[in-house]
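Using the sequences provided together with the hints, build the complete structure.
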Amino acid sequence: MLTQARVQYEAYKPKIKISNLSKSFQQRGNKLEVLNNVDLEVQEGEFLTIVGSSGCGKSTLLRLIAGLDSSFNGSITIDDQIINGIGTDRGMVFQDHRLFPWMNVEQNIGFGLEHFPVKQRNSLVAEHIELVGLKGFEKAKPGELSGGMSQRVAIARTLVKKPDIILLDEPFGALDALTRIQMQHEILRIREQSTITMILVTHDIDEAVLLGDRVIVMSKKPGRIQKTIPIFLPRPRDRNSHDFIKIREQIFYLFFENEKGKIPEDYSI
Amino acid sequence: MKKSLVRLILPIVLPLLIVLVWVYVTEKEFIGAYLIPSPLAVFNTIVLFIGDGTLLGDTWNSLSRMLQGFFLAVFFGLIFGVVMGLFTRFDRFFAGVFNAIRVIPPLAWIPIIILWFGIGETSKVIIIFKSAFFPILLNTIQGIEGVPKGYFEVSKLMGVSKRKVLFSVIFPAALPSIFVGLRLGLGAAWMAVVAAELIASDSGLGYRITQGRELSQPDVMVIGMAMIGLIGVSMDTFITFIKKRVLSWQPGIKS
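Top to bottom, those sequences are chains A and B. Heads up: the first sequence at position 57 corresponds to 57 in the working numbering, and the numbers run straight through without jumps. Heads up: the second sequence at position 4 corresponds to 4 in the working numbering, and the numbers run straight through without jumps.
Since the hints were made in silico from the structure, they are not lab data. Since the model is a prediction, treat every value here as computed from it, not as a measurement. Nothing false has been slipped in among the hints.
Derived BS3-like pairs: lysine-lysine, alpha-carbon spacing no greater than 25 Å straight-line:
id, chain 1, residue 1, chain 2, residue 2
1, A, Lys162, B, Lys149
2, B, Lys244, A, Lys141
3, A, Lys161, B, Lys164
4, A, Lys162, B, Lys162
5, A, Lys17, A, Lys221
6, B, Lys149, A, Lys31
7, B, Lys243, A, Lys139
8, A, Lys119, B, Lys164
9, A, Lys161, B, Lys162
10, A, Lys139, B, Lys164
11, A, Lys161, B, Lys149
In silico contact screen, one side only, chain B against chain A (beta carbon under 7 Å); selected entries:
id, residue
12, Glu153
13, Lys156
14, Leu157
15, Met158
16, Gly159
Just so you know, even glycine gets a beta-carbon here, dropped at the ideal spot from N, CA and C.
Below, the structure is given as structure tokens:
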């Protein structure tokens with residue numbers, strides 16, 4: 001079964017359209033260019049992953065799409081509308097889960113449902129606790145949860161708002177290797193049940209290939225899109241299959257082309 | 001079992017030793033009774049003071065003054081702290097004058113406050129207010145300025161109202177720091193009430209100590225001091241107890 005069902009190249013109408021995007025920061029009087037001329041289209045229901053080394057501007061790109069930062073050149077449109085700051089059509093999950101430690105799991109997930117009637121809010125929260133597999137932990141405070149569980153709560157908190165687009169900024173970056181794999185499968189399982197457009201930023205090539213319908217490889221200084229790689233592997237994907245490893249290898253060498261001479265010699269697949 | 005017993009006994013050892021030395025020194029009359037009263041004399045005076053209501057009256061007078069000043073300080077300290085912590089403009093507007101008022105110690109304020117308000121209750125409440133206000137204000141500001149930026153971002157992304165952000169995010173996040181302010185403020189208020197009573201008063205624990213000096217009654221001075229210490233420690237324990245309840249979500253070092 002191929003994933004093309006989600007991505008229809010005919011009747012092509014992008015959900016997100018980014019053109020000519022450049023972004024720079026002022027740093028001690030110097031202009032530091034983080035993103036340079038980024039053009040990108042993301043389709044409705046697509047799972048796009050962006051992979052790049054630290055400092056390539058991939059997180060900045062995500063923050064711009066989220067509307068957390070509005071000072072940039074170029075344009076970002078969603079459904080042909082130029083974005084105007086933050087909107088509830090977009091949800092974001094951060095590497096540090098950013099749960100409120102004084103609220104329990106239920107309260108954290110229900111945080112954004114401010115104007116919902118209590119009954120509806122409760123049922124939505126319960127539904128999403130179930131979705132991320134945290135039944136029985138409703139009353140637990142973030143201090144009592146593991147890193148993986150906290151990130152599940154953060155994902156549920158975003159999903160419960162029913163956004164069109166979810167932006168994931170290295171959501172599993174702080175987790176241990178095994179929990180990370182578990183969470184990757186979790187996010188795929190959650191995705192099966194919805195058609196949300198997802199953009200996930202990571203520095204883990206494996207993760208990018210496993211999850212993405214397309215992988216964007218970014219280079220740094222300044223951040224540019226180096227290559228776009230559609231992944232036509234059937235799902236569920238086997239990260240140890242020959243094709244998977246081939247793609248991973250391709251991206252790996254793309255990466256280190258930029259940093260000449262840094263390819264470890266004993267790297268063998 | 002053994003460990004918990006040691007833990008229970010340990011804090012009592014030093015006070016017990018002090019009392020023993022006290023008994024020994026006065027029994028042997030190493031030092032004159034006009035300097036260190038014997039435990040018996042102190043005990044008799046306590047019984048007398050409890051009997052005629054002096055102790056209760058003094059304690060009540062001091063406490064009620066302190067609480068009036070303290071709660072005023074909590075009220076204004078929190079309001080100004082929140083506003084100054086959230087809005088740089090307010091902070092810039094008030095900070096200079098507030099700092100100038102703050103660094104002048106309560107004792108230096110007493111003469112002019114007595115000149116303006118007399119030696120009645122008002123001037124004492126003002127002195128107490130002044131002492132407690134600044135620890136509460138400064139810690140509230142610090143707490144609010146220290147709310148992680150990420151919390152604001154999440155709140156914005158979730159599209160919640162400003163009201164909800166204030167009460168569900170900013171305030172709880174600043175609460176640990178606010179509690180530090182409340183605790184310091186309470187201590188400062190209690191010290192200020194005694195200082196104010198020492199200088200100009202006709203009742204209260206501080207007044208009782210001054211009277212003890214004037215009448216050369218060391219036992220009265222000791223009782224006044226002990227009472228001040230006892231109440232101070234009780235209030236501090238009380239506020240720490242509340243803090244532990246309210247901030248149960250905080251990962252504690254000692255838990």
